[in-house]
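Visitor: Keeping the supplied structure of chain A fixed, place chain B upon it in accordance with the hints.
So the sequence lines, in the order shown, correspond to chains A and B.
Going by our numbering, the residue at position 63 of the first sequence is 1434; the numbering climbs one at a time, nothing skipped.
Going by our numbering, the residue at position 357 of the second sequence is 1728; the numbering climbs one at a time, nothing skipped.
Quick caveat, the hints were computed from the structure, so don't treat them as lab data.
Being a predicted model, the structure only gives us computed values, none of them experimental.
Watch out, some of these pointers could steer you wrong.
Since the list gives no way to pick out one identical chain from another, each pair is judged satisfied if it fits inside one copy or across any two copies.
Claimed, not checked - DSSO-like, lysine-lysine: derived pairs with alpha carbons at most 27 Å apart:
#: 1; residue 1: 1748; residue 2: 1601
#: 2; residue 1: 1758; residue 2: 1404
#: 3; residue 1: 1683; residue 2: 1729
#: 4; residue 1: 1377; residue 2: 1657
#: 5; residue 1: 1683; residue 2: 1569
#: 6; residue 1: 1577; residue 2: 1753
#: 7; residue 1: 1401; residue 2: 1683
#: 8; residue 1: 1382; residue 2: 1435
#: 9; residue 1: 1726; residue 2: 1587
#: 10; residue 1: 1382; residue 2: 1652
#: 11; residue 1: 1528; residue 2: 1708
#: 12; residue 1: 1390; residue 2: 1528
#: 13; residue 1: 1401; residue 2: 1777
#: 14; residue 1: 1763; residue 2: 1748
#: 15; residue 1: 1404; residue 2: 1777
#: 16; residue 1: 1404; residue 2: 1708
#: 17; residue 1: 1529; residue 2: 1636
#: 18; residue 1: 1447; residue 2: 1435
#: 19; residue 1: 1404; residue 2: 1390
#: 20; residue 1: 1489; residue 2: 1404
#: 21; residue 1: 1404; residue 2: 1755
#: 22; residue 1: 1758; residue 2: 1769
#: 23; residue 1: 1769; residue 2: 1601
#: 24; residue 1: 1729; residue 2: 1404
#: 25; residue 1: 1382; residue 2: 1447
#: 26; residue 1: 1404; residue 2: 1683
#: 27; residue 1: 1377; residue 2: 1683
#: 28; residue 1: 1636; residue 2: 1758
#: 29; residue 1: 1729; residue 2: 1553
#: 30; residue 1: 1708; residue 2: 1529
Number of protein chains: 2
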Amino acid sequence: MSNQIKPQTLKGFRDFLPKEEVKRQYVVDKIRKIFELYGFDPLETPALEYAQTLLGKYGEESDKLLYLFEDRGGRKIGLRYDQTVPLARVIAQYYYDLPHPFKRYQIQPVWRAENPQKGRFREFLQCDIDTIGVGGIYADTEIITCVMAVMKTLGFKKAKMLINDRSFFKNLMPKFVTAIDKLEKIGTEGVIEELIEKGMDKDQAKRFIISIDKSKPTPLISSISKILRKNGLNENEDFEFSPSLARGLDYYTSTIFELRTSEYKSGSLGGGGRYDNLIMKFFGRKIEAVGFSFGFDRLLEAMQELQLIPQKTTSVFVLVTVFSDYYLNESLDLATKLRTAGINTDIYLNIDLSKQLKYADKKGIPYVVIIGPDEIKKNVVKLKNMKTGEQKETTQEKLIEILRNK
Amino acid sequence: MSNQIKPQTLKGFRDFLPKEEVKRQYVVDKIRKIFELYGFDPLETPALEYAQTLLGKYGEESDKLLYLFEDRGGRKIGLRYDQTVPLARVIAQYYYDLPHPFKRYQIQPVWRAENPQKGRFREFLQCDIDTIGVGGIYADTEIITCVMAVMKTLGFKKAKMLINDRSFFKNLMPKFVTAIDKLEKIGTEGVIEELIEKGMDKDQAKRFIISIDKSKPTPLISSISKILRKNGLNENEDFEFSPSLARGLDYYTSTIFELRTSEYKSGSLGGGGRYDNLIMKFFGRKIEAVGFSFGFDRLLEAMQELQLIPQKTTSVFVLVTVFSDYYLNESLDLATKLRTAGINTDIYLNIDLSKQLKYADKKGIPYVVIIGPDEIKKNVVKLKNMKTGEQKETTQEKLIEILRNK
Chain A
1372 MSNQIKPQTL KGFRDFLPKE EVKRQYVVDK IRKIFELYGF DPLETPALEY AQTLLGKYGE
1432 ESDKLLYLFE DRGGRKIGLR YDQTVPLARV IAQYYYDLPH PFKRYQIQPV WRAENPQKGR
1492 FREFLQCDID TIGVGGIYAD TEIITCVMAV MKTLGFKKAK MLINDRSFFK NLMPKFVTAI
1552 DKLEKIGTEG VIEELIEKGM DKDQAKRFII SIDKSKPTPL ISSISKILRK NGLNENEDFE
1612 FSPSLARGLD YYTSTIFELR TSEYKSGSLG GGGRYDNLIM KFFGRKIEAV GFSFGFDRLL
1672 EAMQELQLIP QKTTSVFVLV TVFSDYYLNE SLDLATKLRT AGINTDIYLN IDLSKQLKYA
1732 DKKGIPYVVI IGPDEIKKNV VKLKNMKTGE QKETTQEKLI EILRNK
Chain B
1372 MSNQIKPQTL KGFRDFLPKE EVKRQYVVDK IRKIFELYGF DPLETPALEY AQTLLGKYGE
1432 ESDKLLYLFE DRGGRKIGLR YDQTVPLARV IAQYYYDLPH PFKRYQIQPV WRAENPQKGR
1492 FREFLQCDID TIGVGGIYAD TEIITCVMAV MKTLGFKKAK MLINDRSFFK NLMPKFVTAI
1552 DKLEKIGTEG VIEELIEKGM DKDQAKRFII SIDKSKPTPL ISSISKILRK NGLNENEDFE
1612 FSPSLARGLD YYTSTIFELR TSEYKSGSLG GGGRYDNLIM KFFGRKIEAV GFSFGFDRLL
1672 EAMQELQLIP QKTTSVFVLV TVFSDYYLNE SLDLATKLRT AGINTDIYLN IDLSKQLKYA
1732 DKKGIPYVVI IGPDEIKKNV VKLKNMKTGE QKETTQEKLI EILRNK
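With the rest of the complex left out, here is chain A (with noise of 0.2 Å):
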């Protein structure tokens, strides 16, 4: 066919399948009860925004990645980059309607214009809490709690949270601190370098570097540390002072943090820190603010390499047979029943049994009920586990019982 189009998404952009999206669903589940148990309400932002709620926000390399456009009416108007503007934008928008301090949860896609990479995407998933209007530090360790809370949900047990004060770099220009940020990723030479090439005397520069080992705790990070402990966290097993921390965004202030786990060796898994400027910009008045955001894909990567994500691959229970247009009805009625009783039931609409269990098995849907003539008479069931193969008649009463009951 000549006017046949090729099925092909854009480069850095994903289908989520069925098989991988039971999976995921059951990740942000898991985050979103944690996030609404700490006391976190949902919002939600559009994808487009104005271009100017956006740019000039998150730094100069950061504009570079937006995806911006012109509209049919001529609006320039760009995708959401992060949740952190937007929500700054929508706290000065509805200031006198909301609640004070506003604590928020966002689960939506944000979209860079990123090289698309082994692990780098064009539009992918943040989970953020963000606690704003106060002040002082107990806002930045309920955020940092209820992530370590998070983290246990879903089953990590070497997280750390890495903490550090972006103050130590406040006399630094914004394109020195995203230099520093990158120390993991290029190495120390490769930061003086950049530092360099970015403009910084070469002595300076390694000074710098060498003074920020050297660097201890700040008072801020010394009184998070104490309430941490008092939370219940373990200081350098569940949070740990990391003077090098640096985040890239241009909008913290002063607590920032880093989420990364030893079990999984890709990096971060999620960041975040205080930005008490960044709704001035909105609302020409300060209002301080406190935030963290998941990386969810890697967080996801992480769980499927250490195995805390249940192998499900379909959200169906069971499958009901059928086994000829006669007998359909019989297939109907207890496919009925079963949804009734609140267990997720698929009916394969065809005739063939081995195409069906087939079905089942492609699905890994992880029961089959058969339904036949011999089992109509008979007055029962055959109930057919797919994993181990073992089949047990039953009636269809007890049936319900028995699959509620796995």
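Guide: Quick look at chain B alone, frame taken from chain A:
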């Protein structure tokens, strides 16, 4: 401040603040549960597609509403306009990896550059189910039955599915079908006018409109009705043959349906049908397909009008108050205990009790726990019901039991 940016959303785009978002999540969770009960598995596709994937699938009028852009690499791209065309692409792209038949649900936003007006938005959520690779009528009836189960679960008493056979219009050019679809909106005279405007002869237009009203159910519709009755649905109550139903989109081939409820007058709550030729555009081979899409905003609006949504404005269940800095630890400890017990708990990180109660009230938190020096001395806490104002003393252990049972 001269640099202050006006905090605003684009026309037709919306923020969902927590008090709305908790309601939206309530409805989405219910829909998702029923979709899974009927054996549909989750799928996600990217927000952005190649423009050629989207163009020429929906019809002339719809093509004009596509959000089309050029990315930095000069690729012509567009935002998801519905979830059916991306699904068709997915089927073609992964055909040999997917189980067949393929039953999936998808709950994601779509974008249409419509003229914003009351109840019509440029970004809105769709909730879809589709069954791919099954002809005949059982897939159609399963979809209708599943949708009616959703409506029942959401609390609708008078939901009705209008059903028609698109093949009745098969000799008509798509532009005429689009006109007929407006019968209810613009009336008989309006449709005749539009048909003439679009090139139909005046007499022919009149005769055609009259013929629609007199038409009888096709054999397809009769068969579907029979199965639906077997599935426990009542003709003329739960579903009804509607000869004037046309559906606006080009890709439908035979069965079409549209969801209404007499309790809510603002039109359709969703629609769908069979589109057996769409996947061919990507795959070069006919793959049968049928699906339904809920218009989430109208569904939500109808539910709000009919008071079918719990008046919850926060996911927080209890607020633990803080008496003073000195007693903060006791409050933090109690919050931890409540969270460990699975109770969504917020803590107000300030020490003015009246402010804390105002905060709970503004958010709509149902319970507040007061813990101060008197309570600590007596080893009790005070539990306040924010709705009734009722207050009672209890121990921390009993508190958890009481809250769990609410």
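Visitor: Confirm or reject each hint.
Guide: Hints, one by one, checked against the model:
When the C-alpha separation of residue 1748 and residue 1601 is checked against a cutoff of 27 Å, the pair qualifies only between copies, where the shortest distance is 21 Å, while the shortest distance within a copy is 67 Å. Taking the closest pair of Cα atoms, residue 1758 and residue 1404 come within 27 Å of each other only across two copies (25 Å); inside a single copy the shortest separation is 30 Å, beyond that limit. For the identical chains of this complex, residue 1683 and residue 1729 are intra-copy neighbours only, at 17 Å inside a copy versus 45 Å across copies, given an alpha-carbon limit of 27 Å. Taking the shortest alpha-carbon separations for residue 1377 and residue 1657, only the inter-copy value of 15 Å comes in at or below 27 Å, while the best intra-copy value is 51 Å.
Taking identical chains as interchangeable, the C-alpha atoms of residue 1683 and residue 1569 are never at most 27 Å apart, the minima being 49 Å within one chain and 53 Å between chains. In this assembly of identical chains, the alpha carbons of residue 1577 and residue 1753 never lie at most 27 Å apart, being 74 Å within a copy and 59 Å across copies at closest. For a Cα distance limit of 27 Å, the shortest separation of residue 1401 from residue 1683 qualifies both inside one copy, at 15 Å, and across copies, at 21 Å. For a Cα distance limit of 27 Å, the shortest separation of residue 1382 from residue 1435 qualifies both inside one copy, at 18 Å, and across copies, at 25 Å.
In this homomeric assembly, residue 1726 and residue 1587 never come within 27 Å of each other (Cα to Cα): the closest approach is 67 Å inside a single copy and 38 Å across copies. Proximity of residue 1382 and residue 1652 under a CA criterion of 27 Å is satisfied inter-copy only: 21 Å between copies versus 34 Å inside one chain copy. In this assembly of identical chains, the alpha carbons of residue 1528 and residue 1708 lie at most 27 Å apart only when taken from different copies (21 Å versus 42 Å within one copy). For the homomeric pair residue 1390 and residue 1528, the shortest alpha-carbon distance inside one copy (26 Å) is at most 27 Å, but the shortest distance between copies (35 Å) is not.
Within a single copy, residue 1401 and residue 1777 get their C-alpha atoms as close as 21 Å, and across copies as close as 22 Å, so both meet the 27 Å cut-off. Taking CA atoms no more than 27 Å apart as the test, residue 1763 paired with residue 1748 passes inside one copy only; the shortest distance there is 16 Å, against 61 Å between copies. Taking the shortest alpha-carbon separations for residue 1404 and residue 1777, both the intra-copy value of 23 Å and the inter-copy value of 18 Å come in at or below 27 Å. Taking the shortest Cα distances, residue 1404 and residue 1708 sit within 27 Å of each other only across copies (16 Å), while inside one copy they are farther apart (30 Å).
For the homomeric pair residue 1529 and residue 1636, the shortest alpha-carbon distance inside one copy (12 Å) is at most 27 Å, but the shortest distance between copies (56 Å) is not. Taking identical chains as interchangeable, the C-alpha atoms of residue 1447 and residue 1435 lie at most 27 Å apart whether they share a chain (15 Å) or sit on different chains (19 Å). Within a single copy, residue 1404 and residue 1390 get their C-alpha atoms as close as 22 Å, and across copies as close as 17 Å, so both meet the 27 Å cut-off. In this homomeric assembly, residue 1489 and residue 1404 never come within 27 Å of each other (Cα to Cα): the closest approach is 30 Å inside a single copy and 34 Å across copies.
Only between protomers do residue 1404 and residue 1755 lie at most 27 Å apart by alpha-carbon distance; the minimum there is 24 Å, versus 34 Å within a single protomer. In this homomeric assembly, residue 1758 and residue 1769 come within 27 Å of each other (Cα to Cα) only inside a single copy, at 21 Å, whereas the closest approach across copies is 44 Å. For the homomeric pair residue 1769 and residue 1601, the shortest alpha-carbon distance between copies (24 Å) is at most 27 Å, but the shortest distance inside one copy (51 Å) is not. In this assembly of identical chains, the alpha carbons of residue 1729 and residue 1404 lie at most 27 Å apart only when taken from different copies (25 Å versus 36 Å within one copy).
For the identical chains of this complex, residue 1382 and residue 1447 are neighbours both inside a copy (24 Å) and across copies (13 Å), given an alpha-carbon limit of 27 Å. In this assembly of identical chains, the alpha carbons of residue 1404 and residue 1683 lie at most 27 Å apart whether taken from the same copy (20 Å) or from different copies (17 Å). Taking CA atoms no more than 27 Å apart as the test, residue 1377 paired with residue 1683 passes in neither setting, with 31 Å inside one copy and 47 Å between copies. In this assembly of identical chains, residue 1636 and residue 1758 lie within 27 Å of each other by CA distance neither inside one copy nor across copies; the values are 33 Å within and 50 Å between.
Neither within a single protomer nor between protomers do residue 1729 and residue 1553 lie at most 27 Å apart by alpha-carbon distance, with minima of 50 Å and 45 Å respectively. Taking CA atoms no more than 27 Å apart as the test, residue 1708 paired with residue 1529 passes between copies only; the shortest distance there is 23 Å, against 45 Å inside one copy.
Hints 5, 6, 9, 20, 27, 28 and 29 from the earlier list are contradicted by this structure; the remaining hints agree with it.
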